[in-house]
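For this one, chain G is given, so just place chains F, P, A, C and X on it according to the hints.
Number of protein chains: 6
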Amino acid sequence: MHNIAIYPGTFDPATNGHLDIIERAVPLFAQVIVAVTCDSSKPTLFSIQDRIQMIKDVTQNYSNVRVEEFSGLLVDYACKKEANVIIRGLRAVSDFEHEFQMASLNKRLNPKIETLFMMTHEDNFFLSSSAIKEIAALGGSLAGFVPNIIEERIKQRLSN
Amino acid sequence: MHNIAIYPGTFDPATNGHLDIIERAVPLFAQVIVAVTCDSSKPTLFSIQDRIQMIKDVTQNYSNVRVEEFSGLLVDYACKKEANVIIRGLRAVSDFEHEFQMASLNKRLNPKIETLFMMTHEDNFFLSSSAIKEIAALGGSLAGFVPNIIEERIKQRLSN
Amino acid sequence: MHNIAIYPGTFDPATNGHLDIIERAVPLFAQVIVAVTCDSSKPTLFSIQDRIQMIKDVTQNYSNVRVEEFSGLLVDYACKKEANVIIRGLRAVSDFEHEFQMASLNKRLNPKIETLFMMTHEDNFFLSSSAIKEIAALGGSLAGFVPNIIEERIKQRLSN
Amino acid sequence: MHNIAIYPGTFDPATNGHLDIIERAVPLFAQVIVAVTCDSSKPTLFSIQDRIQMIKDVTQNYSNVRVEEFSGLLVDYACKKEANVIIRGLRAVSDFEHEFQMASLNKRLNPKIETLFMMTHEDNFFLSSSAIKEIAALGGSLAGFVPNIIEERIKQRLSN
Amino acid sequence: MHNIAIYPGTFDPATNGHLDIIERAVPLFAQVIVAVTCDSSKPTLFSIQDRIQMIKDVTQNYSNVRVEEFSGLLVDYACKKEANVIIRGLRAVSDFEHEFQMASLNKRLNPKIETLFMMTHEDNFFLSSSAIKEIAALGGSLAGFVPNIIEERIKQRLSN
Amino acid sequence: MHNIAIYPGTFDPATNGHLDIIERAVPLFAQVIVAVTCDSSKPTLFSIQDRIQMIKDVTQNYSNVRVEEFSGLLVDYACKKEANVIIRGLRAVSDFEHEFQMASLNKRLNPKIETLFMMTHEDNFFLSSSAIKEIAALGGSLAGFVPNIIEERIKQRLSN
Chain G
4 MHNIAIYPGT FDPATNGHLD IIERAVPLFA QVIVAVTCDS SKPTLFSIQD
54 RIQMIKDVTQ NYSNVRVEEF SGLLVDYACK KEANVIIRGL RAVSDFEHEF
104 QMASLNKRLN PKIETLFMMT HEDNFFLSSS AIKEIAALGG SLAGFVPNII
154 EERIKQRLSN
Chain F
4 MHNIAIYPGT FDPATNGHLD IIERAVPLFA QVIVAVTCDS SKPTLFSIQD
54 RIQMIKDVTQ NYSNVRVEEF SGLLVDYACK KEANVIIRGL RAVSDFEHEF
104 QMASLNKRLN PKIETLFMMT HEDNFFLSSS AIKEIAALGG SLAGFVPNII
154 EERIKQRLSN
Chain P
4 MHNIAIYPGT FDPATNGHLD IIERAVPLFA QVIVAVTCDS SKPTLFSIQD
54 RIQMIKDVTQ NYSNVRVEEF SGLLVDYACK KEANVIIRGL RAVSDFEHEF
104 QMASLNKRLN PKIETLFMMT HEDNFFLSSS AIKEIAALGG SLAGFVPNII
154 EERIKQRLSN
Chain A
4 MHNIAIYPGT FDPATNGHLD IIERAVPLFA QVIVAVTCDS SKPTLFSIQD
54 RIQMIKDVTQ NYSNVRVEEF SGLLVDYACK KEANVIIRGL RAVSDFEHEF
104 QMASLNKRLN PKIETLFMMT HEDNFFLSSS AIKEIAALGG SLAGFVPNII
154 EERIKQRLSN
Chain C
4 MHNIAIYPGT FDPATNGHLD IIERAVPLFA QVIVAVTCDS SKPTLFSIQD
54 RIQMIKDVTQ NYSNVRVEEF SGLLVDYACK KEANVIIRGL RAVSDFEHEF
104 QMASLNKRLN PKIETLFMMT HEDNFFLSSS AIKEIAALGG SLAGFVPNII
154 EERIKQRLSN
Chain X
4 MHNIAIYPGT FDPATNGHLD IIERAVPLFA QVIVAVTCDS SKPTLFSIQD
54 RIQMIKDVTQ NYSNVRVEEF SGLLVDYACK KEANVIIRGL RAVSDFEHEF
104 QMASLNKRLN PKIETLFMMT HEDNFFLSSS AIKEIAALGG SLAGFVPNII
154 EERIKQRLSN
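Going line by line, the protein sequences match chains G, F, P, A, C and X. Count along the first sequence starting at 1, add 3, and that's the number in this note's numbering. Count along the second sequence starting at 1, add 3, and that's the number in this note's numbering. Count along the third sequence starting at 1, add 3, and that's the number in this note's numbering. Count along the fourth sequence starting at 1, add 3, and that's the number in this note's numbering. Count along the fifth sequence starting at 1, add 3, and that's the number in this note's numbering. Count along the sixth sequence starting at 1, add 3, and that's the number in this note's numbering.
Simulated from the structure, these hints should not be mistaken for laboratory data. One should not assume that every hint holds.
[Said to hold, decoys possible] Straight-line C-alpha distance at most 20 angstroms; calculated SDA-like pairs for lysine to any residue: (1) K84(F) to R111(F); (2) K83(C) to S144(G); (3) K84(F) to H5(F); (4) K115(A) to A33(C); (5) K110(X) to S131(C); (6) K110(C) to P11(C); (7) K110(X) to L22(P); (8) K59(G) to I7(G); (9) K136(P) to D42(A); (10) K115(F) to L145(A); (11) K45(X) to S43(G); (12) K136(F) to S43(P); (13) K115(G) to D126(F); (14) K45(A) to L141(P); (15) K110(G) to N19(X); (16) K158(X) to I138(X); (17) K45(X) to L141(C); (18) K45(P) to P46(A); (19) K115(X) to R91(X); (20) K136(G) to D42(C); (21) K115(P) to G142(F); (22) K84(G) to I7(G); (23) K59(X) to K158(X); (24) K110(C) to D23(A); (25) K45(P) to I138(F); (26) K115(A) to S144(P); (27) K45(X) to I138(X); (28) K115(F) to D23(G); (29) K45(A) to E137(P); (30) K115(A) to Q104(A).
Isolated chain G, as found in the complex:
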């Protein structure tokens, strides 16, 4: 029962919704690897280094959380890390379908790795990294949507 879980994503930037999933995964797994992809199909607001650093900053109290860059096939990365679980958060029906397809594909590519889903807390149901960036760009407050430290970095980044 030494389960190692990977929580993959772009995290551009991490929101309270992502952090809630991480915090709920912490007591369930021996190790939680937050895997930040550098293969994003869309341009990102933050560099891969910044995205990793922000998550490190807000998860530093959890001794079994690691934050890493990854590229390539997720199942190959999971193998290399000896992880047996992929964690994904579900918010909505459109999430559900995309996630179903990804989980099925990954199961075909490597049947030993199991995808487990957590329902996003209802307070974070409407949060997405892209909505947050749009609100910030239009001058709105991000209080309650991201940790303070991340709100500050978004403002810095957008003022450059």
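Quick look at chains F, P, A, C and X alone, frame taken from chain G:
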């Protein structure tokens, strides 16, 4: 990391879809408790004893699976069993919504218990206990839908 | 290319939505068999004879439409009729999921029979036999929802 | 701009989700008529009088809220009350489809009456009258799900 | 009861679906402000001035409709206009989810502003500005999809 | 009953999911025209000639399958080919909605052409051309997702 998981349901009867979820949960948790409800809102084809026995028969090779009767609130039962995880299988969008509501309610009733979802294997996507009973009642074959031992008991039960 | 199609349902009673599907199927298939089930899991307002007769009355101008009673497994009935196609109308997402499961099950039970779906015309999107019976019971007009001849029979039936 | 809105339902019993919709409708309409149906297709836990009284108790501070019994077609009732708006809460995709069909039907039956939808507050996303009754029957706490006064009446009613 | 409603969108160009929503909102609100965004994330076929002018042309008979350019956060714009309602049309499940997220975010940003949804008339269910532009570009007729005056301008614009 | 069916798409490249639909359509129609669009709104990995050739290669055993390039409005192309049926595969709820809108639009543009839907086989439920290209780009195996001959061409194309 001594996770105990509860997999609750009516299991009237268990299908290959249920068994797939159990088999995938076995390596992830110290113990998997299949909790068969005796509070079903609808009349069942099989008695609670029969439903439990059938699952015991088909899971006897897994040393960390227990099959039990339960009644009352699921989160109270989980507490009593010192379980920290509820497992649910997801097949479809309508499942998703119902499950989302149940998981949110259970989280409110006891925030220490986490619901984890697994996507049903695509081969079992279309399986449901009620579809199986309907096919059997109309004389169709259940090969590939339930284990042989369960197919026989359905036929016995329907011929009474 | 001698395709025989079965359009199965409870038809309690047939609505303009059902008739639209039949009329659009008529030019596509050598024969369209409207198969009225007598195995309905819920009590019906009309007897199986009445349900068949009403569809016969409103489809009598189509020489390749037959209306029949059926019971048992749909794929067995299709085999007996040498039909190779099942037709189903789709209105909504919840239809979609149920229909997907039925089509998958039927394909497993007999891979030679193909299920083809037609989208319900948007004018009939909101129609269902149960909505129509409820409106009629509450005294509302059914104009535009069912053919006149069927509206009259619903009124007769409800006034008994 | 003298809009009169009807908020119809079974309210067996009213939940915090229903009350949230009422409170948000209060400032938008000259009058909000909570219309409690006595035509429920399922047996109710509370009598029509009890369901009305509970809503009266928890909405007594709003001078423009009325609570009434209704039966028959909703659009006919709206006409009689000179209401031009029907209010409905939306929680989920399955709600959405059913509501879409009801709104389309009502628009056909009387095009002068407009259905307006409000999204249920995310805190109440998972609430339903039936879930609440089930939790209460199994001995769970309803704190945060219904007003105190309604929780007490549910307990009284279930202990009889 | 002096409700001011904002109907925001890109309107590139307005379709019969948009006009149906505007016409149904007219009798319900003291003022309906059609707010045309100049912050579209995608390139538009028409300039902001053209998009505004086309809606003005087809709504000129309604004395309580205003058409305006807006930029920035919608809730800030609503505040400045002393509007208390945002109107949105719903067509489909995917609309529903996106709209649910937007309405929840806006409620968090300013709880005094209420989002009300109208179901798109079933005749316009399948209409979207992008579908219309694609059909026009491929030489199809837009009769029944947009007002004549807008069809002409699309053709002019595409022939440049 | 001389039905000619068009199966339109981008096919960049064709997957086992597409081939399954073609193979199931072959016995139902006098002719199946696979219509490969050269109007794709997104850049394609393969040229229109390559996309056509790959489908020809894997369908050469079916005498009633033709593979053609098409551009412009689908219903106009169907007319020119004297086709009376458009075939589409459905995988998921999001497919369903988009397809519903396309089928409704096409019915408006030409009511004589019927769109028929087939449910994608559950083994191919999770397949999409874009997922396949992503997996190949990341070095994963495509066995079971596309025919061997197409896997080879994807590798060639990506190694250029």
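Structure-based check of all given hints:
no., hint, result
1, K84(F) to R111(F), "holds, 19 angstroms"
2, K83(C) to S144(G), "holds, 17 angstroms"
3, K84(F) to H5(F), "holds, 13 angstroms"
4, K115(A) to A33(C), "holds, 17 angstroms"
5, K110(X) to S131(C), "holds, 16 angstroms"
6, K110(C) to P11(C), "holds, 16 angstroms"
7, K110(X) to L22(P), "holds, 17 angstroms"
8, K59(G) to I7(G), "holds, 18 angstroms"
9, K136(P) to D42(A), "holds, 14 angstroms"
10, K115(F) to L145(A), "holds, 18 angstroms"
11, K45(X) to S43(G), "holds, 17 angstroms"
12, K136(F) to S43(P), "holds, 15 angstroms"
13, K115(G) to D126(F), "holds, 17 angstroms"
14, K45(A) to L141(P), "holds, 16 angstroms"
15, K110(G) to N19(X), "holds, 17 angstroms"
16, K158(X) to I138(X), "holds, 11 angstroms"
17, K45(X) to L141(C), "holds, 16 angstroms"
18, K45(P) to P46(A), "holds, 17 angstroms"
19, K115(X) to R91(X), "holds, 17 angstroms"
20, K136(G) to D42(C), "holds, 14 angstroms"
21, K115(P) to G142(F), "holds, 19 angstroms"
22, K84(G) to I7(G), "holds, 8 angstroms"
23, K59(X) to K158(X), "holds, 19 angstroms"
24, K110(C) to D23(A), "holds, 13 angstroms"
25, K45(P) to I138(F), "holds, 17 angstroms"
26, K115(A) to S144(P), "holds, 16 angstroms"
27, K45(X) to I138(X), "holds, 19 angstroms"
28, K115(F) to D23(G), "holds, 13 angstroms"
29, K45(A) to E137(P), "holds, 14 angstroms"
30, K115(A) to Q104(A), "holds, 17 angstroms"
Comparing the model with each earlier hint shows no violations; every hint is respected.
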